[in-house]
Amino acid sequence: MDMRVNIAGVEWKNPVTVASGTFGSGEEFSDFVDLNKLGAVTTKGVANVPWSGNPTPRVAEVYGGMMNAIGLQNPGIELFCERDIPFLKKYDTKIIVNVCGHAPEEYLAVVERLADEPIDMMEINISCPNVNAGFLAFGQDAGHVEKLTAQIKKIAKQPVIMKLTPNVTDITEIAKAAEAGGADAISLINTLTGMKIDINRKTFALANKTGGVSGPIVHPIAVRMVYQAAQAVKIPIIGMGGIQSAEDAIEFLLAGASAVSVGTANFYHPNITEEVVDGIRAYMEKNGFDKVSDMVGIVK
Amino acid sequence: MDMRVNIAGVEWKNPVTVASGTFGSGEEFSDFVDLNKLGAVTTKGVANVPWSGNPTPRVAEVYGGMMNAIGLQNPGIELFCERDIPFLKKYDTKIIVNVCGHAPEEYLAVVERLADEPIDMMEINISCPNVNAGFLAFGQDAGHVEKLTAQIKKIAKQPVIMKLTPNVTDITEIAKAAEAGGADAISLINTLTGMKIDINRKTFALANKTGGVSGPIVHPIAVRMVYQAAQAVKIPIIGMGGIQSAEDAIEFLLAGASAVSVGTANFYHPNITEEVVDGIRAYMEKNGFDKVSDMVGIVK
Amino acid sequence: MAKMEKEQARVLSQEMLAAGIYSMWIQTKAAKNAKPGQFISMYTNDAGKLLPRPISICEIDRESEKLRVVYRVTGENTGTEQFSKLQAGDTIDIVGSLGNGFPLEKAKGKKVFLMGGGIGVPPILQLAKEMECEKKRIIVGYRDAQTFLREEFEANGEVYIATEDGSVGTKGNVMDAIREAALEAEIIYACGPAPMLRAIKAYAAENQIECYISLEERMACGIGACLACVCKSKEKDAHSNVHNKRICKDGPVFLATEVEI
Amino acid sequence: MAKMEKEQARVLSQEMLAAGIYSMWIQTKAAKNAKPGQFISMYTNDAGKLLPRPISICEIDRESEKLRVVYRVTGENTGTEQFSKLQAGDTIDIVGSLGNGFPLEKAKGKKVFLMGGGIGVPPILQLAKEMECEKKRIIVGYRDAQTFLREEFEANGEVYIATEDGSVGTKGNVMDAIREAALEAEIIYACGPAPMLRAIKAYAAENQIECYISLEERMACGIGACLACVCKSKEKDAHSNVHNKRICKDGPVFLATEVEI
Ligand SMILES: Cc1cc2nc3c(=O)[nH]c(=O)nc-3n(C[C@H](O)[C@H](O)[C@H](O)COP(=O)(O)OP(=O)(O)OC[C@H]3O[C@@H](n4cnc5c(N)ncnc54)[C@H](O)[C@@H]3O)c2cc1C
Ligand SMILES: Cc1cc2nc3c(=O)[nH]c(=O)nc-3n(C[C@H](O)[C@H](O)[C@H](O)COP(=O)(O)OP(=O)(O)OC[C@H]3O[C@@H](n4cnc5c(N)ncnc54)[C@H](O)[C@@H]3O)c2cc1C
Ligand SMILES: Cc1cc2nc3c(=O)[nH]c(=O)nc-3n(C[C@H](O)[C@H](O)[C@H](O)COP(=O)(O)O)c2cc1C
Ligand SMILES: Cc1cc2nc3c(=O)[nH]c(=O)nc-3n(C[C@H](O)[C@H](O)[C@H](O)COP(=O)(O)O)c2cc1C
Ligand code: FES
Ligand code: FES
Numbered sequence: 013m014d015m016r017v018n019i020a021g022v023e024w025k026n027p028v029t030v031a032s033g034t035f036g037s038g039e040e041f042s043d044f045v046d047l048n049k050l051g052a053v054t055t056k057g058v059a060n061v062p063w064s065g066n067p068t069p070r071v072a073e074v075y076g077g078m079m080n081a082i083g084l085q086n087p088g089i090e091l092f093c094e095r096d097i098p099f100l101k102k103y104d105t106k107i108i109v110n111v112c113g114h115a116p117e118e119y120l121a122v123v124e125r126l127a128d129e130p131i132d133m134m135e136i137n138i139s140c141p142n143v144n145a146g147f148l149a150f151g152q153d154a155g156h157v158e159k160l161t162a163q164i165k166k167i168a169k170q171p172v173i174m175k176l177t178p179n180v181t182d183i184t185e186i187a188k189a190a191e192a193g194g195a196d197a198i199s200l201i202n203t204l205t206g207m208k209i210d211i212n213r214k215t216f217a218l219a220n221k222t223g224g225v226s227g228p229i230v231h232p233i234a235v236r237m238v239y240q241a242a243q244a245v246k247i248p249i250i251g252m253g254g255i256q257s258a259e260d261a262i263e264f265l266l267a268g269a270s271a272v273s274v275g276t277a278n279f280y281h282p283n284i285t286e287e288v289v290d291g292i293r294a295y296m297e298k299n300g301f302d303k304v305s306d307m308v309g310i311v312k
Numbered sequence: 013m014d015m016r017v018n019i020a021g022v023e024w025k026n027p028v029t030v031a032s033g034t035f036g037s038g039e040e041f042s043d044f045v046d047l048n049k050l051g052a053v054t055t056k057g058v059a060n061v062p063w064s065g066n067p068t069p070r071v072a073e074v075y076g077g078m079m080n081a082i083g084l085q086n087p088g089i090e091l092f093c094e095r096d097i098p099f100l101k102k103y104d105t106k107i108i109v110n111v112c113g114h115a116p117e118e119y120l121a122v123v124e125r126l127a128d129e130p131i132d133m134m135e136i137n138i139s140c141p142n143v144n145a146g147f148l149a150f151g152q153d154a155g156h157v158e159k160l161t162a163q164i165k166k167i168a169k170q171p172v173i174m175k176l177t178p179n180v181t182d183i184t185e186i187a188k189a190a191e192a193g194g195a196d197a198i199s200l201i202n203t204l205t206g207m208k209i210d211i212n213r214k215t216f217a218l219a220n221k222t223g224g225v226s227g228p229i230v231h232p233i234a235v236r237m238v239y240q241a242a243q244a245v246k247i248p249i250i251g252m253g254g255i256q257s258a259e260d261a262i263e264f265l266l267a268g269a270s271a272v273s274v275g276t277a278n279f280y281h282p283n284i285t286e287e288v289v290d291g292i293r294a295y296m297e298k299n300g301f302d303k304v305s306d307m308v309g310i311v312k
Numbered sequence: 025m026a027k028m029e030k031e032q033a034r035v036l037s038q039e040m041l042a043a044g045i046y047s048m049w050i051q052t053k054a055a056k057n058a059k060p061g062q063f064i065s066m067y068t069n070d071a072g073k074l075l076p077r078p079i080s081i082c083e084i085d086r087e088s089e090k091l092r093v094v095y096r097v098t099g100e101n102t103g104t105e106q107f108s109k110l111q112a113g114d115t116i117d118i119v120g121s122l123g124n125g126f127p128l129e130k131a132k133g134k135k136v137f138l139m140g141g142g143i144g145v146p147p148i149l150q151l152a153k154e155m156e157c158e159k160k161r162i163i164v165g166y167r168d169a170q171t172f173l174r175e176e177f178e179a180n181g182e183v184y185i186a187t188e189d190g191s192v193g194t195k196g197n198v199m200d201a202i203r204e205a206a207l208e209a210e211i212i213y214a215c216g217p218a219p220m221l222r223a224i225k226a227y228a229a230e231n232q233i234e235c236y237i238s239l240e241e242r243m244a245c246g247i248g249a250c251l252a253c254v255c256k257s258k259e260k261d262a263h264s265n266v267h268n269k270r271i272c273k274d275g276p277v278f279l280a281t282e283v284e285i
Numbered sequence: 025m026a027k028m029e030k031e032q033a034r035v036l037s038q039e040m041l042a043a044g045i046y047s048m049w050i051q052t053k054a055a056k057n058a059k060p061g062q063f064i065s066m067y068t069n070d071a072g073k074l075l076p077r078p079i080s081i082c083e084i085d086r087e088s089e090k091l092r093v094v095y096r097v098t099g100e101n102t103g104t105e106q107f108s109k110l111q112a113g114d115t116i117d118i119v120g121s122l123g124n125g126f127p128l129e130k131a132k133g134k135k136v137f138l139m140g141g142g143i144g145v146p147p148i149l150q151l152a153k154e155m156e157c158e159k160k161r162i163i164v165g166y167r168d169a170q171t172f173l174r175e176e177f178e179a180n181g182e183v184y185i186a187t188e189d190g191s192v193g194t195k196g197n198v199m200d201a202i203r204e205a206a207l208e209a210e211i212i213y214a215c216g217p218a219p220m221l222r223a224i225k226a227y228a229a230e231n232q233i234e235c236y237i238s239l240e241e242r243m244a245c246g247i248g249a250c251l252a253c254v255c256k257s258k259e260k261d262a263h264s265n266v267h268n269k270r271i272c273k274d275g276p277v278f279l280a281t282e283v284e285i
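Protein chains in written order, with our numbering: chain A, 13 to 312; chain B, 13 to 312; chain C, 25 to 285; chain D, 25 to 285.
Derived by calculation from the structure, the hints in this document are not laboratory data. Warning: the hint list may mix true and false statements.
What the hints assert, rightly or not - Some chain A residues close to chain D (C-beta under 8 Å, calculated; not the full set):
(1) Gly-33
(2) Glu-73
(3) Pro-87
Unchecked claim - Straight-line C-alpha distance at most 20 Å; calculated DMTMM-like pairs for lysine to aspartate or glutamate:
(4) C:Lys-273 <-> B:Glu-23
(5) B:Lys-298 <-> D:Glu-100
(6) D:Lys-59 <-> A:Asp-43
(7) A:Lys-298 <-> A:Glu-259
(8) C:Lys-109 <-> D:Glu-156
(9) D:Lys-30 <-> A:Asp-290
(10) D:Lys-273 <-> A:Glu-259
(11) D:Lys-30 <-> A:Asp-43
(12) D:Lys-134 <-> D:Glu-156
(13) D:Lys-260 <-> A:Glu-90
If you're wondering where the values come from, they're calculated on a predicted model, not measured in any experiment. Backbone N, C-alpha and C fix where the C-beta goes; we use that ideal spot for every residue, glycine too.
Using the sequences and the hints given, assemble the complete structure.
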């Protein structure tokens, strides 16, 4: 059983990574999961300078999932490079650094700073609010996506994964824009924007009013978008959204994702990633797939 | 306790109706629910001619919800007017007829045919695939929405509710387009497009490949969109998406909806609509609201 | 019509009949007016699994308001697996009885085949118990020697068994069993997988036998409202105004010539 | 560090202590290294409710690997309501023990206040049991005469009670109780609602008393990974590199002067 996958020239030992922001920098979960068993670790988003994030409450439970408005709190790229990258280097897994910013310059500063760091890939979170586009995010506008991708590619020393937001009319248009901008891969989906109202306190459940919905409830929407994107672009896709079992992950692979990320489920099932790896292997065995890549995108 | 609401000049006895397509023409549920207790009955979508709908399987269960691709099977407006409207007229409730079409002419034919029928409102489903816009629906393009609304308003004899799809980047843009076109009210959300893959059979769970996701899992997304729309337009809003309790309904009212529709929950909780009416009343009592309208949009 | 509702039924017993095949008796008002061939919608307690599982009625005790269902656990983490863990004293939410049932009265004075295959076998039992006819032949097909419900059938008619692996009765399917025993009928009632029903429909057409078949489809409402569970009908259907009939409401039992399968 | 995991703990007993307040003993490996002031993440079996409920440890039996939690049912259809229905023999998924706990050792030789209010009362019990100090005064505030855990406290220190309705002890809150009895302390440990903690923090600042408070916030991971549960910190935090500390990992117990509440 060959679990290896090749994502934009980087070979992962298996197709399973974690969704950014749900696994800290890896360190927090290292008591629960043997990080050596993961194809890659994707870190929480990091910006050029430290961000304080949003006021609390930052999370709320919703039926079958959760909502968050952490606001991308992060220690800034300097401390991240000093502390978190060396920690992850102790493990035999690939390192994907998730990058955020409010404006192109901020993304570019992080990408540049990462150039000489021993990381394997970077993932660009374009769901961050774009200071130049009102309340929309970079990722909601194909033009911005293509431009930002191209700017990043020009200076990036590692393969670039553009991470798409699902809050768009047509995901294929955005996926194509990322590809046109030169992205080496895309990942999707980020969270769906939602809102919860506390009817007793008569106010929003989150201080930020809206938050990003994640967890099992987003899975069917994520599978649809991964499928549509897979029909639209040739670059590899990392599928995520609501994975809480190997079966959920396999749906993404069959729909056209070359790898998958496990997110919210880490919070209530801390060693779920290991189970997903084992479950994919068992499925391959049962269904006669020798290589993971033989499964990718076969449902059309 | 005054439960009455006035939606575009039509007075409902309470703010609760059913979501189109989840309650048949009302007849199928009349053994379970006293239709006299509903503010309004919204019928399944009807077109100018009978539609056969999609091949089966047309539904699939997903975690905390379902997916459907019925394909708007309907008996056509003639039989509908002969049989279903007279049935509903026996009850003391408002009648909202949901209208579908592939092209403007088809919508207009239905609207025209309804002119002299004793119905109270019509709801225009603009999530139908638009034959002139590739795989997009009318409702995914603000220009189409405004134009179609204006065309319908020109001939409609009853107040017109435009029913919005959530599969868009910016719901406020679409809501404003409906308002600009002259809509008397808007309703949202229709289903979110999803996909499920049967990993054992290695094919799509639905014959149509994609389907519309509904049920409790869409609630936070629906509340967010209703809230955003309420900040953007002045016309009344009918909120729906995942209501399975009075609490869920109240969130919509506090977020700015003047009335609510219960959909998928009818399938697993057939008399849920009565419970929602009673639960809203109990909440008003407990929280000192004399009129439903006093609750509407107070969370800002 | 009587006011209907989702009812919390009480589990009276739960028994495994064969590998993965369970039998459950429940206490429910739905038994009062139930007919063979009808089904009930069974609901899980799992907030992740909201849709009903339609399960045929296997036996009816109208007097003491009890129903029996016999069902297959289709896999891990399924609703039917959850049902199989219920024990006497537990409750289960159901809606029923639903659908039209088999037209029993048509069998009067006739030679009848009652045919069941796989998990389509259970509804044949109540049918066999209530049927009054000239000659009652029950032909049931199983995968292997786990011929669940066999004794009950033998108490209610002349039983022929087919098994895929040949371990009991005719090796093959119910059609093979008929041929082997050179049986004949004037009317057929059948429930089972689509290929079996197709074969029976063809056989009935060829021999001009009146034939009723019970169909399956994914359901969401179970009561005719959502139009999920349609099958193609030969004629334009009066209700739908297109060539579609609702299996939950207009069926699950159809005259074989009415529907395309 | 030891390999951690989500554990299926066994419920040993469940008891209602006061209206809506329950006490549960569970069998769990987490007891082994548990400390007063730490908490456990408790998970429901409800597919609709996926996030953990953080609940403080009320008592620890390290020897026989048992933990006690005392918790309030916050409303209908909540996770805590589901917990309250568990009975001896049932299982519950937990992760723990989590957080830092109260710095017990700092109390050596000092006059101590152990202050608990409302549902912040329970963690004070194990603290009282383990604390070695010069003078141990336990000041606990309740809504009314339902003064749960009172006997246990009386077995472990000098107890002062405040009730909002004045039915027992001082009418008012724990601060009123201190004033009424003119008590003094050199170190304070407290857990309770934010307004109470604010008052205690101010009192401690005024009187220059070392003070440790246990905070609450909504959590998603409980282990420091998601950054949901932060509070504002006075200094830039070494881990976050901003003025935020994680209550689940860096707390829930903080030196009062470290955090802004
Ligand atoms: C009228 C009718 C009568 C039936 N009678 C019986 C019976 O007596 N005994 C029995 O074992 N089975 C019967 N079935 C099949 C039974 O409904 C399915 O096996 C069952 O719903 C599967 O549910 P699950 O929880 O095991 O699977 P899951 O995979 O958890 O089901 C997911 C969803 O798919 C639906 N589904 C899956 N398979 C089927 C199917 N074959 N038909 C309809 N819906 C399906 C489920 O209802 C559920 O909504 C009948 C089906 C119909 C339509
Ligand atoms: C460190 C810590 C220790 C605690 N110790 C105790 C204790 O010993 N006894 C006790 O009764 N309560 C304690 N609480 C509060 C307890 O966590 C909440 O009352 C509980 O989570 C509410 O869950 P629910 O199922 O009743 O409510 P629901 O409304 O179903 O909860 C929905 C979501 O909100 C979260 N939530 C709701 N209220 C709170 C809250 N006050 N704090 C944190 N999360 C909340 C829940 O965890 C859940 O994720 C503690 C909280 C923290 C942070
Ligand atoms: C608490 C939380 C924090 C997140 N932070 C980030 C982030 O920093 N960068 C990012 O690209 N995505 C972030 N996400 C989105 C996830 O990486 C993922 O795209 C999304 O949650 C969907 O997957 P899931 O349903 O498996 O969680 C975050 C999600 C959660 C729940
Ligand atoms: C089976 C089914 C059929 C539907 N048919 C229609 C329809 O004919 N016209 C329409 O406007 N919406 C239709 N809808 C969408 C619902 O009216 C509603 O907008 C959506 O399901 C969200 O609400 P819910 O989560 O409460 O179901 C249908 C939904 C379902 C589940
Ligand atoms: S299941 Fe809804 S019409 Fe049959
Ligand atoms: S709950 Fe996740 S960091 Fe505290």
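Hints versus structure:
A cut of 8 Å between beta carbons decides the hint on A:Gly-33: the least distance to chain D is about 7 Å, and the hint holds. The interface hint given for A:Glu-73 holds, since its Cβ lies 5 Å from the closest Cβ of chain D, which is under the 8 Å cut-off. Given the 8 Å rule on beta carbons, the hint for A:Pro-87 holds: about 3 Å separates it from the nearest Cβ of chain D. For the given pair, C:Lys-273 sits about 34 Å from B:Glu-23 by alpha-carbon distance, which is inconsistent with the 20 Å threshold.
Our distance criterion of 20 Å between C-alpha atoms is met by B:Lys-298 and D:Glu-100, whose separation comes to about 15 Å. With a C-alpha separation of about 19 Å, the suggested pair D:Lys-59 and A:Asp-43 falls inside the 20 Å cut-off, and the hint holds. A distance of roughly 13 Å separates the Cα atoms of A:Lys-298 and A:Glu-259; the hinted pair therefore holds under the 20 Å criterion. For the proposed pair C:Lys-109 and D:Glu-156, the alpha carbon gap of about 51 Å is over 20 Å, so the pair is violated.
A hinted pair counts as satisfied when its Cα atoms are at most 20 Å apart, and D:Lys-30 with A:Asp-290 qualifies at roughly 18 Å. Our distance criterion of 20 Å between C-alpha atoms is broken by D:Lys-273 and A:Glu-259, whose separation comes to about 32 Å. Distance hint between D:Lys-30 and A:Asp-43 is fulfilled; the C-alpha atoms sit about 11 Å from each other, no more than 20 Å. As the CA atoms of D:Lys-134 and D:Glu-156 are separated by approximately 9 Å, the hinted pair is consistent with the 20 Å bound.
Between the alpha carbons of D:Lys-260 and A:Glu-90 the distance comes to roughly 15 Å, so the proposed pair stays at or under 20 Å and holds.
The structure shown violates the earlier hints numbered 4, 8, 10.
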